[in-house]
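**Q** Protein chains in written order, with full-length UniProt numbering: chain A, 1 to 249; chain B, 1 to 452.
It is worth saying that the hints were derived from the structure and are not from the lab. Just so you know, even glycine gets a beta-carbon here, dropped at the ideal spot from N, CA and C. Misleading hints may appear alongside valid ones.
To be verified - Simulated restraints, written as ranges between beta carbons of each label pair: (1) B/E270 <-> A/Q70: 20 to 28 Å; (2) B/M222 <-> A/Q70: 17 to 25 Å; (3) B/S187 <-> A/G77: 54 to 62 Å; (4) B/Q16 <-> A/Q70: 45 to 53 Å; (5) B/L87 <-> A/Q70: 43 to 51 Å; (6) A/Q70 <-> B/M315: 13 to 21 Å; (7) A/G77 <-> B/F84: 45 to 53 Å; (8) B/A20 <-> A/Q70: 43 to 51 Å; (9) B/V396 <-> A/Q70: 49 to 57 Å.
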Amino acid sequence: MFVRGLKRKCFDGEEDIEGTLAGIKAIPSYNLQRQSLLDMSLVKLQLCHMLVEPNLCRSVLIANTVRQIQEEMTQDGTWQMINTQSTGQASLDRLVSTDILCRSSREQAEGKHVPGYGTFSKDFESDQGQGSSETMSTTSSVQAPRNLQSNMWEMENPQENKGNFQKSLDQIFETLENKSPNSVEDLFSEVDNSYYDLDTMLTGMMSNTKMGHCDGLETFSSPANTASNSNCKSDLNELDHIVEILVES
Amino acid sequence: FLGAGGGNDIQWCFSQVKGAVDDDVAEADIISTVEFNHSGELLATGDKGGRVVIFQQEQENKTQSHSRGEYNVYSTFQSHEPEFDYLKSLEIEEKINKIRWLPQKNAAQFLLSTNDKTIKLWKISERDKRPEGYNLKEEDGRYRDPTTVTTLRVPVFRPMDLMVEASPRRIFANAHTYHINSISINSDYETYLSADDLRINLWHLEITDRSFNIVDIKPANMEELTEVITAAEFHPNSCSTFVYSSSKGTIRLCDMRASALCDRHSKLFEEPEDPSNRSFFSEIISSISDVKFSHSGRYMMTRDYLSVKIWDLNMENRPVETYQVHEYLRSKLCSLYENDCIFDKFECCWNGLDRQVEFLIVMTGSYNNFFRMFDRNTKRDITLEASRENNKPRTVLKPRKVCASGKRKKDEISVDSLDFNKKILHTAWHPKENIIAVATTNNLYIFQDKMN
Numbered sequence: 001m002f003v004r005g006l007k008r009k010c011f012d013g014e015e016d017i018e019g020t021l022a023g024i025k026a027i028p029s030y031n032l033q034r035q036s037l038l039d040m041s042l043v044k045l046q047l048c049h050m051l052v053e054p055n056l057c058r059s060v061l062i063a064n065t066v067r068q069i070q071e072e073m074t075q076d077g078t079w080q081m082i083n084t085q086s087t088g089q090a091s092l093d094r095l096v097s098t099d100i101l102c103r104s105s106r107e108q109a110e111g112k113h114v115p116g117y118g119t120f121s122k123d124f125e126s127d128q129g130q131g132s133s134e135t136m137s138t139t140s141s142v143q144a145p146r147n148l149q150s151n152m153w154e155m156e157n158p159q160e161n162k163g164n165f166q167k168s169l170d171q172i173f174e175t176l177e178n179k180s181p182n183s184v185e186d187l188f189s190e191v192d193n194s195y196y197d198l199d200t201m202l203t204g205m206m207s208n209t210k211m212g213h214c215d216g217l218e219t220f221s222s223p224a225n226t227a228s229n230s231n232c233k234s235d236l237n238e239l240d241h242i243v244e245i246l247v248e249s
Numbered sequence: 001f002l003g004a005g006g007g008n009d010i011q012w013c014f015s016q017v018k019g020a021v022d023d024d025v026a027e028a029d030i031i032s033t034v035e036f037n038h039s040g041e042l043l044a045t046g047d048k049g050g051r052v053v054i055f056q057q058e059q060e061n062k063t064q065s066h067s068r069g070e071y072n073v074y075s076t077f078q079s080h081e082p083e084f085d086y087l088k089s090l091e092i093e094e095k096i097n098k099i100r101w102l103p104q105k106n107a108a109q110f111l112l113s114t115n116d117k118t119i120k121l122w123k124i125s126e127r128d129k130r131p132e133g134y135n136l137k138e139e140d141g142r143y144r145d146p147t148t149v150t151t152l153r154v155p156v157f158r159p160m161d162l163m164v165e166a167s168p169r170r171i172f173a174n175a176h177t178y179h180i181n182s183i184s185i186n187s188d189y190e191t192y193l194s195a196d197d198l199r200i201n202l203w204h205l206e207i208t209d210r211s212f213n214i215v216d217i218k219p220a221n222m223e224e225l226t227e228v229i230t231a232a233e234f235h236p237n238s239c240s241t242f243v244y245s246s247s248k249g250t251i252r253l254c255d256m257r258a259s260a261l262c263d264r265h266s267k268l269f270e271e272p273e274d275p276s277n278r279s280f281f282s283e284i285i286s287s288i289s290d291v292k293f294s295h296s297g298r299y300m301m302t303r304d305y306l307s308v309k310i311w312d313l314n315m316e317n318r319p320v321e322t323y324q325v326h327e328y329l330r331s332k333l334c335s336l337y338e339n340d341c342i343f344d345k346f347e348c349c350w351n352g353l354d355r356q357v358e359f360l361i362v363m364t365g366s367y368n369n370f371f372r373m374f375d376r377n378t379k380r381d382i383t384l385e386a387s388r389e390n391n392k393p394r395t396v397l398k399p400r401k402v403c404a405s406g407k408r409k410k411d412e413i414s415v416d417s418l419d420f421n422k423k424i425l426h427t428a429w430h431p432k433e434n435i436i437a438v439a440t441t442n443n444l445y446i447f448q449d450k451m452n
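Build the full structure now, drawing on both the sequences and the hints.
**A** Next comes the structure, spelled out in structure tokens:
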């Protein structure tokens, strides 16, 4: 019950900020599910680049799925709307998203929980009454965070997001083609390097604690805060790991 | 169900299980391919650690006519080693993707085994005698001082314990930029094809420094890549015909006589999409993971994520039969996408005796260590489980049932209790007898029909 109240507050909060959202309030579940799928797909594409040669078939299938979602979102006009909405929540999502990014896909399959966030999305799904309860033994109970792309692709320019997105998708294929020591840098070239700077992370987090339009999400802010340090560290660890592999060769 | 009675129904019984008992699976022991040779006497498995293990069927004991010979280890060898690609700074996995046997021409056996990048031709030969009585060497191999030799003798062959040796006879390397998913030996027994994600090459078994590229679907601009090759096979009778399947659910049949580069297919097999079932996952689940010709060559079978389809080579616009392997997963596709199970590549196989029209069964694997068989004549199907709990020889396997929704009956398993880590991707059917080999993650199960 408590959790339900939380979600409604969340939606109300969004409405206050964006009046135009009233139009899509009628079918929030489909759009959010679709968004979640998009985020999950982008995470999968990113993760499969890290250390081993990606399975090309899998990458192509995921990329095609992403394109399909993008096309549909462009057609029904939700593309722009979703992205203007995202900047407000970007800060929290950025912190949570990082954790997902830094985990290996095996850890994800083993169902390690992001503190707080996992429960939120699981309840969200059952509340929406979408499909039967999915309690598969190997399913990770963590749903990909919303607007993950705000993390990797869209930095300061939400309006250019669409262009960046397409560019980034292309980058993925270039990377698949030319797997060289520089490729990892290429993939991240769009990423603001200060992202990996511990100071910037902490500063960014501090200045964005006023995401209060969603009071309900405050309960998630504390776990996210404590997670941010480890998020940074795992980012750095990931980079170290990559460098290690390169050096070892 | 199959096996529920009736003249031609097969009743499957557990025969043997090979592999470690513990639940903690060593990564290297994960079985990645299973293949009977042409006589069925030998059964080869490849694993993630790059090893090949060959089992040999015991000669039938005349006194024990109620069961066929057991399979015992015949030879084990390291086929591929892990490598490092220095240009790309990436590891090349030693996992054996496919094994294909050559027909036997002399006393030795030959097979092709491949990892992601390199194909090797292995010769497996027996040695059961050795020469003894050299003049210049002692029995232990040390050389004798020639001045001590006073008489001459002729060395003779004496019997010794059977030794099976595997030696690499050819190494076909450096022809694939992408990961090899298939190898297929031509009916001429002189050439074979190897297929990776974007290209198919034709080799001569004797020549390792050259191969001909016969299919290339790599776009000029990799950013335009939307489709990859997932499997390829030569026609069993026509040595210029082969097929390859794609990640978009299409199969193309090509004739090598038409042109050197078979970029234009002779036939394109594709089933139009069912609009009522359309979702974001439609393309992924349509991706074909395996394609196999029937022995006659008139039909081919394809496996996609949820179904097995039988195609008549004379009809391109739809399959002649479709069998649902685990339709109850359709509502779970989002979770299966999340945990990557939706990308699992299941194989399929024909029963060995499909030369007789009356007797046509296809088999494929599923999750929870279940595998499924479909009888094309009776349209009946059965679900069986490969588990050590059913390991009493000559006890008929009990059929399994998955409860998709609603009330679960006794002995049924609900979809949510299925173990998606226990997947049966590789199965094989003996070419002449009703013996099947089913690979779970790290165990190989052998089942045979209950002979009366």
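**Q** Work down the list of hints and note, for each, if the structure agrees.
**A** Verification of the supplied hints:
1. B/E270 <-> A/Q70: 20 to 28 Å: Hint holds: Cβ distance 25 Å, inside 20 to 28 Å.
2. B/M222 <-> A/Q70: 17 to 25 Å: Roughly 19 Å apart at Cβ, these two residues keep to the hinted range, so it holds.
3. B/S187 <-> A/G77: 54 to 62 Å: holds (56 Å)
4. B/Q16 <-> A/Q70: 45 to 53 Å: Hint holds: Cβ distance 51 Å, inside 45 to 53 Å.
5. B/L87 <-> A/Q70: 43 to 51 Å: Given range 43 to 51 Å: violated, Cβ gap about 33 Å.
6. A/Q70 <-> B/M315: 13 to 21 Å: Distance hint for A/Q70, B/M315 is violated at roughly 36 Å.
7. A/G77 <-> B/F84: 45 to 53 Å: holds (49 Å)
8. B/A20 <-> A/Q70: 43 to 51 Å: For B/A20 and A/Q70 the Cβ distance comes to about 46 Å; the hint holds.
9. B/V396 <-> A/Q70: 49 to 57 Å: Since the Cβ atoms of B/V396 and A/Q70 sit about 53 Å apart, the hinted range of 49 to 57 Å holds.
Comparing the model with each numbered hint stated earlier shows that hints 5, 6 do not hold.
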